[in-house]
Amino acid sequence: MGKPRETVMARVLEVRAENPRVKTVYLDFAAKAAPGQFVMAWIPGEGEKPFSVSFCGGARIGLTVAAIGPFSRKLQELKPGGVLGIRGPFGKGFKLKEGKAAVVGGGCGSAPLGFLVEELRRAGSEVVFVNGAKTKSELLFAARANAAGARVIVCTDDGSEGRKGFATDALAELLESEKIDCVYTCGPEVMMKKVAGLCAQNCVDCQASLERFMKCGFGVCGQCAVDGMLVCRDGPVFPLSRLARLREFGSARRDACGSVDA
Amino acid sequence: MVELGAQLAGVELRNPLVLASGVLGVSAGTIERAAESGAGAVTLKSIGPKPRAGHPNPTVLEWGCGLINAVGLSNPGMEAGAREVEEAVRRVKVPVIASVFAGDAEGFAAVAETVAAAKPALLELNLSCPNVMGEHGVPFAYEPGSAAAVVGAVKARVRGIPLVAKLSPNTHLLSGVARAVEGAGADAINMGNTLGPGMIISLEARRPVLANKAGGVSGPAVRPVAVRCVWDVFEAVKIPIIGTGGVSSGRDALEFVMAGAACVGVGSAVAWGGPAVFRRIAGEMRAWMEANGVSSVKELVGAAHG
Ligand SMILES: Cc1cc2nc3c(=O)[nH]c(=O)nc-3n(C[C@H](O)[C@H](O)[C@H](O)COP(=O)(O)OP(=O)(O)OC[C@H]3O[C@@H](n4cnc5c(N)ncnc54)[C@H](O)[C@@H]3O)c2cc1C
Ligand SMILES: Cc1cc2nc3c(=O)[nH]c(=O)nc-3n(C[C@H](O)[C@H](O)[C@H](O)COP(=O)(O)O)c2cc1C
Ligand code: FES
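Order-wise, the sequence lines are chains A and B. Using my numbering, the letters of the first sequence map in sequence onto residues 1 to 262. Using my numbering, the letters of the second sequence map in sequence onto residues 263 to 568.
Just so you know, the hints here were simulated from the structure itself, not pulled from any lab data. Be aware that one or more of the hints could be misleading.
[Said to hold, decoys possible] For each label pair, taking beta carbons as the anchor points, the in silico distance ranges come out as:
#1 Ser-251/A with Ala-566/B: 46 to 54 Å
#2 Arg-469/B with Ala-59/A: 20 to 28 Å
#3 Lys-500/B with Glu-6/A: 14 to 22 Å
#4 Glu-298/B with Arg-163/A: 39 to 47 Å
#5 Glu-6/A with Glu-274/B: 38 to 46 Å
#6 Gly-82/A with Val-264/B: 42 to 50 Å
#7 Gly-45/A with Arg-421/B: 45 to 53 Å
#8 Met-395/B with Gly-45/A: 19 to 27 Å
#9 Glu-126/A with Glu-552/B: 53 to 61 Å
#10 Gln-201/A with Ala-315/B: 35 to 43 Å
#11 Met-395/B with Gly-47/A: 16 to 24 Å
#12 Lys-312/B with Gln-201/A: 43 to 51 Å
#13 Lys-560/B with Gly-82/A: 55 to 63 Å
[Said to hold, decoys possible] Once the Cα atoms are required to be at most 25 Å apart in a straight line, the calculated SDA-like pairs of lysine to any residue come out as:
#14 Lys-475/B with Val-8/A
#15 Lys-95/A with Gly-535/B
#16 Lys-74/A with Arg-468/B
#17 Lys-355/B with Ala-143/A
#18 Lys-74/A with Ala-315/B
#19 Lys-134/A with Gly-197/A
#20 Lys-32/A with Ala-467/B
#21 Lys-32/A with Trp-534/B
#22 Lys-355/B with Val-260/A
#23 Lys-355/B with Ala-244/A
#24 Lys-312/B with Asp-227/A
#25 Lys-381/B with Gly-197/A
#26 Lys-355/B with Asp-227/A
#27 Lys-475/B with Ala-256/A
#28 Lys-79/A with Ser-464/B
#29 Lys-475/B with Gly-47/A
Beta carbons are placed, not taken as given, at the ideal position from N, Cα and C, and that holds for glycine.
Build out the structure end to end from the sequences listed, making use of the hints.
Spelled out as structure tokens, the structure:
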């Protein structure tokens with residue numbers, strides 16, 4: 001059976017604002033996680049939801065949380081000394097490929113990508129980080145990627161910083177002008193679908209991190225299925241070879257009932 | 263040559279391993295994967311009258327000796343559910359079992375009729391979910407009269423599809439319940455659902471971890487109880503049994519067969535081995551049979567009863 005992945009109450013060490021909507025909660029939780037892996041975070045009485053590991057090392061992990069609904073707001077209200085239930089890490093993270101990398105993040109989808117950029121740099125890859133958001137204040141981890149030695153291309157929908165337009169437009173130009181060996185992406189699924197399409201056209205390898213409604217997190221309940229794949233266990237990160245065969249990628253997802261919202 | 267083929271109420275299975283309801287089976291895609299990974303038959307998650315989100319998270323947890331869950335019968339409702347069954351029947355190459363539940367016998371009959379139109383190989387009546395007692399009261403399978411009433415109501419409305427009554431280990435009236443569902447027309451028994459309900463408390467949080475507080479216990483911890491239940495049911499009835507509860511190896515599966523199971527359900531083991539557990543368990547059964555000179559699983563059904 002292996003070691004059970006029971007819920008551990010981890011102490012909150014620090015809460016840091018990343019931008020007006022996003023905070024990182026640092027926890028006293030020793031784990032070996034790869035970028036793209038996630039944990040289930042439990043607030044007693046409030047619920048339990050999946051969050052990507054955004055920092056990992058020295059017996060602590062960070063979860064970078066966007067304020068969306070009641071649960072994420074409660075997470076952001078945690079104070080140092082408080083506790084959060086954690087089980088995991090679960091799933092398969094990004095596989096670091098040799099060569100030149102393009103990392104494409106949209107909005108709070110960049111949560112796991114600062115960590116990924118650091119790991120790619122540590123492995124010796126040249127990295128271009130395409131950081132897209134609706135507006136300047138929603139950019140995430142551009143400075144962190146820059147500090148790790150990545151070249152950063154900022155795109156905002158409203159042109160308030162960097163180039164005006166979508167991250168996918170910047171990627172399309174990048175793929176035309178430079179030789180990229182692998183594209184890594186996380187963000188809205190429409191964006192990732194487009195990224196995967198661009199990569200397929202240009203014969204460039206790609207990995208995308210998907211999100212689906214989760215219950216168990218370890219491959220039993222079937223709730224997070226995309227076709228026959230379980231996002232929690234087979235993913236959340238999938239390679240292009242798999243994405244290209246997933247009918248529901250970019251088109252359908254299930255809610256808590258298991259009803260399909262196409 | 264070792265023969266793993268099994269038969270369940272007239273339905274032929276290439277091996278006796280059945281994907282248990284509620285595990286993976288939210289969609290046609292996931293049960294197709296279980297079938298491609300070696301399952302002999304596959305069961306979809308239980309379908310009820312209306313869309314249901316089930317209990318809030320945390321709903322499924324791993325603990326030292328198994329799992330505990332209070333998913334709470336989340337499902338997309340019988341119309342969408344029947345469409346999923348239809349797609350599964352079209353795509354999946356092994357027999358598809360549809361599982362249904364409702365709050366009363368008439369509700370069961372209505373859901374069963376709707377789902378039966380999608381032509382599953384077998385229809386399983388979930389008489390035994392321990393996770394909705396607040397709403398549905400004590401599970402039907404705890405008591406012979408209520409279990410028989412549901413089976414009878416469904417039997418009157420559904421023709422041509424064998425019915426499997428899924429029973430519960432949580433009753434002191436098990437033999438009576440088994441005889442009652444057989445008498446009411448059940449074609450097979452799945453023995454059975456989760457044990458309990460049980461509870462896991464986090465010391466540091468000083469709270470039960472499941473949002474529903476209590477949940478059904480499954481996995482290796484429940485196996486001895488489930489084996490004894492199969493034994494009792496085998497003594498009580500003639501209809502075939504799917505033995506379910508804590509199977510994670512070929513030896514576990516054969517233990518159920520010797521207790522009286524014609525087929526063996528596998529659920530929680532997927533947590534540790536992934537969908538690939540089916541191929542591994544079937545291989546281990548085959549190896550044991552070869553080493554012990556047994557040519558067909560059918561020879562071993564009930565062998566421990568002497
Ligand atoms: C693998 C994975 C990694 C994630 N990583 C991050 C992260 O690093 N940072 C971050 O801010 N968010 C992340 N999320 C999203 C996060 O789990 C929550 O969905 C989000 O915080 C909104 O929750 P809420 O209760 O605040 O909002 P709500 O308004 O209650 O929910 C908004 C939407 O969130 C989704 N959702 C709700 N519950 C779940 C659930 N149990 N599983 C999956 N989706 C759910 C639904 O689509 C829902 O409509 C991740 C999700 C997944 C699947
Ligand atoms: C997460 C989970 C969800 C389940 N959902 C259902 C369900 O919807 N209907 C049902 O009849 N049984 C359900 N069960 C019970 C299983 O089908 C099975 O009877 C039980 O888990 C014992 O087998 P196991 O130890 O191999 O898991 C569920 C079990 C688990 C772990
Ligand atoms: S969340 Fe349960 S299988 Fe993925």
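Hints versus structure:
1. For the pair Ser-251/A and Ala-566/B, the supplied restraint of 46 to 54 Å holds, since their beta-carbon distance comes to about 51 Å.
2. One distance hint, 20 to 28 Å for the beta-carbon pair Arg-469/B and Ala-59/A, holds here, with the actual separation near 25 Å.
3. Checked against the given bound of 14 to 22 Å, the beta carbons of Lys-500/B and Glu-6/A, roughly 43 Å apart, lie outside it.
4. Between Glu-298/B and Arg-163/A the CB atoms are about 46 Å apart, so this pair conforms to the stated range of 39 to 47 Å.
5. The hint said 38 to 46 Å for the Cβ distance between Glu-6/A and Glu-274/B, and at roughly 41 Å that hint holds.
6. At roughly 58 Å, the beta-carbon separation of Gly-82/A and Val-264/B lies outside the given 42 to 50 Å, and the hint is violated.
7. Look at Gly-45/A against Arg-421/B: about 49 Å separates their beta carbons, and that is inside 45 to 53 Å.
8. Take Met-395/B and Gly-45/A: their Cβ atoms lie about 21 Å apart, and the range 19 to 27 Å holds.
9. Between Glu-126/A and Glu-552/B the Cβ separation comes to about 55 Å, which falls inside the hinted range of 53 to 61 Å.
10. Hint check: Gln-201/A to Ala-315/B, Cβ distance near 40 Å, so the stated range 35 to 43 Å holds.
11. For Met-395/B paired with Gly-47/A, a C-beta distance near 22 Å keeps the hint of 16 to 24 Å intact.
12. Judged by the Cβ atoms, the range 43 to 51 Å given for Lys-312/B and Gln-201/A holds: they are separated by roughly 44 Å.
13. Distance hint for Lys-560/B and Gly-82/A: a CB-CB separation of about 59 Å, consistent with the stated range 55 to 63 Å.
14. Simply put, Lys-475/B and Val-8/A have alpha-carbon atoms about 17 Å apart, close enough for the 25 Å limit, and the pair holds.
15. Restraint check for Lys-95/A and Gly-535/B: satisfied, since their Cα atoms lie roughly 22 Å apart, inside the 25 Å limit.
16. Straight-line distance between C-alpha atoms of Lys-74/A and Arg-468/B comes to about 19 Å, which keeps the hinted pair within the 25 Å bound.
17. Of the pairs offered as hints, the one joining Lys-355/B and Ala-143/A is violated, with about 52 Å between alpha carbons and a cut-off of 25 Å exceeded.
18. For the hint pairing Lys-74/A with Ala-315/B, the CA-to-CA distance comes to about 22 Å; that is within 25 Å, so the pair holds.
19. Between the alpha carbons of Lys-134/A and Gly-197/A the distance comes to roughly 22 Å, so the proposed pair stays at or under 25 Å and holds.
20. In summary, the hint linking Lys-32/A to Ala-467/B is supported, as the alpha carbons are separated by about 24 Å, within the 25 Å threshold.
21. About 19 Å separates the Cα atoms of Lys-32/A and Trp-534/B, which keeps this hinted pair within 25 Å; it holds.
22. Straight-line distance between C-alpha atoms of Lys-355/B and Val-260/A comes to about 23 Å, which keeps the hinted pair within the 25 Å bound.
23. Distance restraint check for Lys-355/B and Ala-244/A: the Cα-Cα separation of roughly 24 Å lies within the 25 Å cut-off, and the hinted pair is therefore satisfied.
24. For a cut-off of 25 Å, the pair hint linking Lys-312/B to Asp-227/A stands: about 23 Å separates their Cα positions.
25. Proposed proximity of Lys-381/B and Gly-197/A is contradicted: the alpha carbons are some 38 Å apart, above 25 Å.
26. This hinted pair checks out: Lys-355/B and Asp-227/A have alpha carbons roughly 16 Å apart, not beyond 25 Å.
27. A hinted pair counts as satisfied when its Cα atoms are at most 25 Å apart, and Lys-475/B with Ala-256/A qualifies at roughly 19 Å.
28. This hinted pair checks out: Lys-79/A and Ser-464/B have alpha carbons roughly 20 Å apart, not beyond 25 Å.
29. With a CA separation close to 12 Å, the supplied pair Lys-475/B and Gly-47/A stays within the 25 Å bound.
In summary, the numbered hints that this structure violates are 3, 6, 17, 25.
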